[in-house]
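Asker: Residues 0 to 529 in numbering that gives the first Met the number 0 are what the sequence shown lists, from first letter to last.
Simulated from the structure, these hints should not be mistaken for laboratory data. Take these hints with a grain of salt, some might be off.
Here are the computed lysine to aspartate or glutamate pairs in the DMTMM-like style, where the Cα-Cα straight-line distance is at most 20 Å [what the hints assert, rightly or not]:
no., residue 1, residue 2
1, K34, E22
2, K67, D479
3, K150, D182
4, K287, E47
5, K491, D479
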Amino acid sequence: MAITVDGLISGMNTTSIISQIMEIERRPIQLIEDKRTVLSNEKAAWQEASTRMLALESAAAKLSSTSKFASRSATFANNNSAAGTVMSVSSESTAVDGSYNIKVSQLAQAQKSASNQTFSSFTAAAGLSGTITIGSTNVSVTSGQSLEEIKNNITNSGAGVSATIINAGTSASQQYMLMVTGDDTGAANAFSMSTSMNLGTLSFSTTQAAQNANLTVDGVAITKSSNTVDDVIADTTLNLQTLGSGTVTVSTDYDIILENVQAFVSAYNDAMDYFREQLSYDSTNQTKGTLFGNGTLMTMQNQLRAIMSGSIPGIDPTDPTKLSSLSQVGIKTDINNQLTVDTTTFSDTLKSRFTEVARLFAPSGSGTYTFISATGLTQGGVYDTKVEGGVLKLKKQGTSDWISLTQDGNYAYGATDSVLDGLLLRTGSLTEGATGTMTITNGVASRVEANTGSYTEFSTEGLIFNQNRSIESRDAEFQDQVSDLEVRLTKKEEDLKAKFANLEVLLAKLTSQQQYLSQQLSSLNTNWGR
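I would like the entire structure built from these sequences, with the hints used as guidance.
Answerer: Structure, rendered in structure tokens:
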């Protein structure tokens, strides 16, 4: 148990003295806590860096393949505005530009069958017993069931129909009846209904026949079972709504592409601004960013800047007839080190040289074999090809290593972690000894997407993950050091209290001895004076 004794004999404020001594002794802990605060700030800075990278990755993803880049819009122009909305249309980015004259002469519909009998209540027992047969499905009806229960049993029977209750009467005279509707439209989805009642009477009549949708597309008659038609115009969906005619136009949505590019550039600028802030040093005020001098952040900054400002791998930058960098389409760095988009230059170039502009952002390829796709991990360049031992091999011109692709039927793909990672080619059947060339290009969006993905990856490979793991490891070491010091300082404080307490005891003894000697001397003086 700790002993606390203020200077009863010495007159010293021992509590204050010990407190001041311990304050000095605790300075190493404060220094460590200051280091932990720095680590906490660094971790927060990396979390914000991760947020910026995820935003940039998301923006890049909208442009990182030819199909994503090539946004398409589909519109329908009605020949008769008074006829209402004949259809709504939508298209995928892979749809082909074109116009189609379409006439809808019949909409698809599901069969509806209504009971011929009505009931005054849908919650009381209906007074029915027997079997309802829908197609080949039997639904049992027992005497105690209400119309509501019969409705639910029909819906849950698996017969491909849904039942509802409608009121054919008035508020004063309720007349409830069952309505059975097919789950799917189209003539092929018609169903038969029959009943066999032991108690009461129940029968059904068809009130709406199942039928197909009939339309013509550029004069070609087409019949469909559904009003949602997605297999007539490639990668375009027609949602038929009323009868009528008009023109469907599928075209490149240049406005959406421009919006996506502007969002991508904005996300890049946000990331670069944050990097500059974190790596900054103000010599006048002697202040610096939280991550000043951090090699990993500088690597990320330099890699992204090189991608955005450099030429596209696989496109000869010395060829004036080719687009090989963003600056050629109006995306340039201003005096504030911000990328800007000259919307007029970009839009004009996009419309006149669409394929080339798309190649600045997304992977592409051409040559001996059909290019299907690639990712930001695929290295752009010109490759020689050969078939050896039944295996397609590629070698980047200027290098000596042949890289084997993995064959899967009529397709071949690059190996993970190779320079051809993510590459997919359609080869057809391979001819032994055949040679050729492939040109692979890789745009800025696909490479930015790949890089930012590697920065934020939640694994030992992710750069930001590694930084956070290092911070957490150092913080744990500091916590251990603080814990060890706290134990030592607690013991030191107890020792100091004990020593000062012992000092007071010793001083008390000395004071007692002094008083005794004084008394003895006084007594001697008295005796000598007699």
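Asker: Now tell me, hint by hint, if it's right for this structure.
Answerer: Verification of the hints:
1. K34 <-> E22: holds (18 Å)
2. K67 <-> D479: violated (51 Å)
3. K150 <-> D182: Within the cut-off at roughly 15 Å; holds.
4. K287 <-> E47: holds (17 Å)
5. K491 <-> D479: Judged against 20 Å, a Cα distance of about 18 Å means the pair holds.
Hint compliance for this structure: hint 2 is the single one not met.
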